[in-house]
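The chain contents come next:
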Amino acid sequence: MPWPRWRRPGGDGPMAFIECEALSHVYLKGTPMETVALREVTLRIDEGEFVALIGPTGSGKSTLVQHFNALLRPTSGTIRVGGVDLTAPKADLQAVRRQVGLLFQYPEQQLFEETVAEDVAFGPRNLGLAEEEVQTRVADALRAVGLDPAVFGPRSPFSLSGGEMRRVAAAGVLAMSPKVLVLDEPAAGLDPRGKAEILGHFRALHAERGITVILITHNMDEAAQLAKRVVVLDQGRVVLDGPAREIFARGDALEALGLGVPAVTDLVRRLRARGLPVREDALTADEARAAIREALRWS
Amino acid sequence: MELTRYVTIGQFIPRDSAVHRLDPRTKLAAVTMLMVAIFVVGDFAGYALLTAFLLAIVAISQIPIGYLLRGLRPIVFLLLLTVILNIFFSGVEGGTPLVEVRGVVLTREAVLRALFIGYRLITLIAVTSLLTFTTSPVALTDGIERLLRPFRRIGVPAHELAMMMTIALRFIPTLLEETEKIMKAQMARGAVFDRGGALRRARALVPVLVPLFVSAFRRADELALAMEARCYRGGEHRTRMKELRFAPRDAVGLAVALAASVTISIPFTVWQNLLR
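Protein chains in written order, with this note's numbering: chain S, 770 to 1068; chain E, 23 to 298.
Bear in mind the hints are in silico, worked out from the structure with no lab data behind them.
Derived DSS-like pairs: lysine-lysine, alpha-carbon spacing no greater than 27 Å straight-line: (1) S:Lys-798 with E:Lys-206; (2) S:Lys-859 with S:Lys-798; (3) S:Lys-859 with E:Lys-206; (4) S:Lys-948 with S:Lys-964; (5) S:Lys-859 with S:Lys-948; (6) S:Lys-964 with E:Lys-206; (7) E:Lys-206 with S:Lys-948.
With the sequences and hints as input, model every part of the structure.
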């Protein structure tokens, strides 16, 4: 039997969980409002990765991730998720949506139940799980986003603060226990503390449970601190793809796309412009401090 | 899943055409005249002329004909039902029998009449769609407001009606987009909308409708606040940035529409007598 396509030939590297090939998507095809959102995107994402997806507004990020759990079908090209070809007419889309959890932008707008616990239970109930299992998952998911099920469970989701609502919505997706978590700007519109909190929970989920995370963000600092790999989209194409360190070292390319660089990278670049030979690949404040000390010692 | 794909009614397709440039009042008047004509037409010659005229307008307005016809999709069922009911219950006495089905006689006249009625519906929708395709919602309600102005004396709140229409039209696409987004979000949580019986499907909509209403009220609130912040206070003494002005082309447009409506309305036999 030949090797399944997602396995790297000869290697025992991690399995590609999501694999797109020449994926294109055209909105409203055949109408005067036709717009091309994705052009021949080829991308693979392995199990256990933490990928940041960045790109200017309208570059196709949200469109791309909606293919990952079959909410959108490609206009052309193929996509495989967990070995299942989603372009096949009989693909089990429910099974795919169970594996790939998608948290939309401003997800607190999807809350509808009377209590937080009921709302989080919506997903697991749709999976047809036993009530006991549903309750376990609800409690587990709420704890994973730092909300005490005993305190928040019986409250109305509409009585919560913005950050809390956002975390309840995230719990609603986590309760599906997905293997892959796709987050579309999960921190947008939150105050700095809410941002740090929710991102901290996602980082922990990735580190402790090994969940694959795909993070769409406009904030380069978030991308630099969280992701190991960065994929840059522009006008529906993948223009850069590689380890976060390498991508952010190419500040000129990012700025040409109208994207910034992380604050740390910006500092390093400015120091270099003033003649201090600091290493360019620092991503965190600690790394930058070390690099600057090093540079000062030699100059 | 693209809801906007299926709702073409009320959509505006910006193009730079002679039809687009006409004053909205001219277009409203022309549409009214044509609608009257459509109801009066009774013979093949009239329908042929009407069709030719509409095709000419479509060509001038640069609206793809396929897109215009797509707007008919939601009413296909209604159309078929109307035609079928009219074939059987036309009330046309006598005529040439075509077939007999279980005691019901289908006459040539009844079938023709039913087809005419069906075609009438199609042309009515085509005409009104042409109006909305070629006129921006703001221009359209502006035109309606101006046309209603004389009725203010008898208590018609022209400005308020126009403002309500503008807002409603403006929010159709927004709410559709929102519905789509919420449906997708719930589908990502395993919701299924297209399976099960009527009751189950209706219940499946609760997770969509609740957030939709919540956000619609929030939007209404924000809009009211934004309008107040700009000192909006109704129609009295309001001036406009773009005044509607009749141009020579509007006179031409009205004349063409009137001529076409009259020509179409007059039965062919009358024309024959007139021209003899």
